[in-house]
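**Q** Chains as they are written, first to last, in this note's numbering: chain A, 1 to 282; chain B, 1 to 282; chain C, 1 to 282.
Certain hints may be false.
Pairs involving identical chains hold if they fit within one copy or between any two copies, as the list cannot separate such chains.
[As the list claims (entries may be wrong)] Simulated pairs of lysine-lysine, DSSO-like, Cα-Cα distance not exceeding 30 Å: (1) K106 with K167; (2) K193 with K153; (3) K167 with K86; (4) K222 with K55.
No lab work stands behind these hints, which were simulated from the structure alone.
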Amino acid sequence: GEEDGDEREATPLWQSAVLFALAVLVIQGQVFFVSCAINLGLRHLILPKGIAYEKEFQPDYQQPNPVAYVPILEDNYLTSGQLLHKLEDARGLLVQDGSYFDVWLKLSLPYSSTNENLFQVQVDLLALNSTTVFTARRACLMRRQNSLLRHAKLVAFAPLYVLGLLKDGEETLYFPVVSKFRQGSITGVGDTKVSQLRVSLLPQRGRDPPEVYGAAAHVLVKLSYLQHFLYHYPVTSFVTLSCGLAVGLNVLLLGIIVAIVLAFLFGGPALEQDDGDGEGAS
Amino acid sequence: GEEDGDEREATPLWQSAVLFALAVLVIQGQVFFVSCAINLGLRHLILPKGIAYEKEFQPDYQQPNPVAYVPILEDNYLTSGQLLHKLEDARGLLVQDGSYFDVWLKLSLPYSSTNENLFQVQVDLLALNSTTVFTARRACLMRRQNSLLRHAKLVAFAPLYVLGLLKDGEETLYFPVVSKFRQGSITGVGDTKVSQLRVSLLPQRGRDPPEVYGAAAHVLVKLSYLQHFLYHYPVTSFVTLSCGLAVGLNVLLLGIIVAIVLAFLFGGPALEQDDGDGEGAS
Amino acid sequence: GEEDGDEREATPLWQSAVLFALAVLVIQGQVFFVSCAINLGLRHLILPKGIAYEKEFQPDYQQPNPVAYVPILEDNYLTSGQLLHKLEDARGLLVQDGSYFDVWLKLSLPYSSTNENLFQVQVDLLALNSTTVFTARRACLMRRQNSLLRHAKLVAFAPLYVLGLLKDGEETLYFPVVSKFRQGSITGVGDTKVSQLRVSLLPQRGRDPPEVYGAAAHVLVKLSYLQHFLYHYPVTSFVTLSCGLAVGLNVLLLGIIVAIVLAFLFGGPALEQDDGDGEGAS
């Protein structure tokens with residue numbers, strides 16, 4: 001319909017413009033949905049089930065230092081997330097022997113006076129017989145909030161805060177504690193298959209332990225750089241990949257259109273000239 | 001199209017001006033990209049892998065003074081960044097015997113009341129057998145924040161702060177602690193190959209230790225003055241080098257254009273004169 | 001083009017004025033650059049390497065009073081700026097026997113409550129065998145800041161402060177402590193070659209030691225009055241010398257122009273008279 005309009009002289013310019021803009025919007029919308037769909041499919045291929053486990057845990061504040069045990073076992077060996085009896089063999093372990101794995105922690109904390117102080121998180125990797133195989137500590141410190149900045153954010157994103165989609169006065173810390181640990185790798189020690197994490201929250205001497213809204217441990221098996229990027233930066237990677245796919249699809253579409261136009265330009269007149277020049281050739 | 005327009009007298013001046021400005025913009029954009037590309041290539045050549053190592057570390061606040069051990073070894077001798085057993089020989093050391101190296105520290109600290117006080121950082125260089133080979137101390141003091149200046153900054157860069165691209169209330173200290181230390185160089189002492197750093201944060205007597213968001217040690221092997229400038233001042237050096245390269249490329253382009261114009265001026269009339277003077281020569 | 005315009009009577013006055021102003025600007029710009037270049041050359045001649053040494057030092061705040069040891073030795077006798085073993089002989093000393101030297105200190109301090117109090121700096125000159133040869137004390141007191149003046153400054157230079165080019169809340173003290181001390185000069189004592197400075201920051205009784213951003217000792221060998229002025233007042237002396245040189249160059253240029261004009265005035269009519277008087281002379 002658009003090409004017919006260009007040929008007829010009576011059609012006003014704005015009609016063509018509106019039709020053109022509409023066509024572009026429709027095509028770009030379809031391109032966007034297709035690229036998002038491809039993106040989701042790629043994520044499932046690149047990040048298959050069985051390489052990343054998210055385990056929520058509840059630190060026990062009755063202990064001197066809040067501590068939580070996080071079994072890294074399949075669910076059917078656990079009772080409501082707890083390991084009630086000792087394991088005899090290595091069946092049910094989420095991380096296979098010889099695999100490398102990372103441990104990341106995610107903590108949600110309120111901006112309270114006890115949380116203003118620096119605290120430490122200690123992760124112990126426990127073997128099947130509950131002995132500690134490896135220990136790593138990390139210091140955690142919440143960002144100081146500037147009240148001017150905080151209120152500017154509240155005003156800027158007011159609707160989201162009112163609807164409860166954004167939370168005020170909470171910070172989520174997400175950080176690696178163990179990286180590239182090899183299951184059963186310690187030399188000179190016997191059976192060191194890691195079956196549990198023990199996560200302790202250590203305040204500084206004479207201070208109260210930090211208060212958390214929620215906590216989770218992420219156990220990640222053999223992540224490549226691409227998997228690492230897709231897993232730990234989900235929003236950034238999704239936007240990047242979708243934009244890249246949309247651009248790629250547009251380039252593909254433009255190439256097809258250019259090829260068709262070129263075929264018309266070179267093929268069309270040539271046929272007409274063939275008709276004019278010599279009819280014996282056809 | 002530009003040259004045709006100059007020849008026809010009817011072309012208005014502003015069209016030529018627009019075309020000229022466009023051509024200049026396009027050429028300068030290309031010059032800019034080429035100079036950035038050359039810049040990146042030069043950086044890779046001048047700062048090769050193997051002269052600079054950045055090692056993040058986590059001070060342990062459960063000690064009387066927060067302390068961290070930073071192995072300067074290749075990653076495959078470490079378990080999740082830690083050295084679990086003593087080394088017997090000097091394999092895997094990042095700094096070869098007889099090489100000179102510097103140690104710089106980078107600390108990110110919040111503007112909190114405990115950090116207002118001056119504190120010291122002590123770096124001990126530990127030999128293979130964990131004895132201390134060399135000790136250096138440095139005093140650290142955060143800048144006092146003027147609240148007027150701070151809020152002026154917040155208002156000036158408000159969108160960046162709201163989106164979380166700039167962090168408020170944080171200062172990053174970056175300073176040298178050890179400079180030009182020769183691996184295995186202490187005279188009168190036996191085997192002094194440095195395999196670990198011990199970094200301690202020392203508060204003044206009776207004060208709380210400083211709180212850090214993050215900390216990293218930079219171990220730099222044999223930096224020349226140019227490498228030193230490129231490594232420690234990345235933004236300044238990148239801008240300087242790119243501008244210099246862009247100016248150089250422009251001078252080169254102008255020289256080529258002048259040479260072509262000169263060739264036309266001296267070659268063109270000469271050919272015409274040749275045509276006029278004697279046609280037997282051609 | 002200028003001379004052609006002067007000869008034709010039709011050229012308007014403002015064109016001549018613009019051309020004249022342009023010529024003056026170009027000539028003065030060249031005079032300025034030449035005088036700066038001569039200034040830098042003179043500085044290198046007047047302040048040669050080997051008469052002034054700047055040694056940064058780090059007071060150790062773990063001591064009851066912060067103290068730092070500053071070796072005045074060549075760098076190849078030091079390990080990362082520290083003297084690790086005692087010297088046996090006087091080789092490597094920066095100050096030769098019989099030379100006179102001064103010691104100036106430069107301290108950068110924040111306007112904090114501990115720094116509001118007066119404190120003292122003590123410099124001990126230590127001989128090769130670490131005995132104290134000479135001791136000098138100086139009282140230091142930071143200027144009280146007037147908050148109105150401070151904020152006026154902040155507002156006046158706001159862009160420089162926001163971009164981090166100017167630092168707020170810092171004062172730099174620069175003062176002499178030892179002046180015209182003769183190397184090895186104490187009568188009645190044996191070998192007294194000074195090889196180290198010990199710099200102590202002494203607070204008043206029962207007060208906290210002052211906090212410093214940075215500190216440096218300047219050791220200056222045999223400065224004449226001109227060298228003294230050039231070294232201790234670099235900005236003032238540079239501006240003064242450059243202005244003086246620019247004035248001198250202008251006087252020189254004017255003299256040359258006057259000489260040429262005079263030569264024309266007296267030589268030109270003389271030639272014309274020669275033409276009129278007797279043509280046989282030429």
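**Q** For each hint, tell me whether it holds in the structure or not.
**A** Evaluation of the provided hints:
With identical chains, the CA atoms of K106 and K167 are at most 30 Å apart both within one copy (16 Å) and between copies (20 Å). Within a single copy, K193 and K153 get their C-alpha atoms no closer than 47 Å, and across copies no closer than 52 Å, so neither meets the 30 Å cut-off. Taking the closest pair of Cα atoms, K167 and K86 never come within 30 Å of each other, the shortest separation being 40 Å inside a single copy and 47 Å across copies. In this homomeric assembly, K222 and K55 come within 30 Å of each other (Cα to Cα) both inside a single copy, at 18 Å, and across copies, at 22 Å.
Taken one by one, the earlier hints fail for this structure at numbers 2, 3, listed in ascending order.
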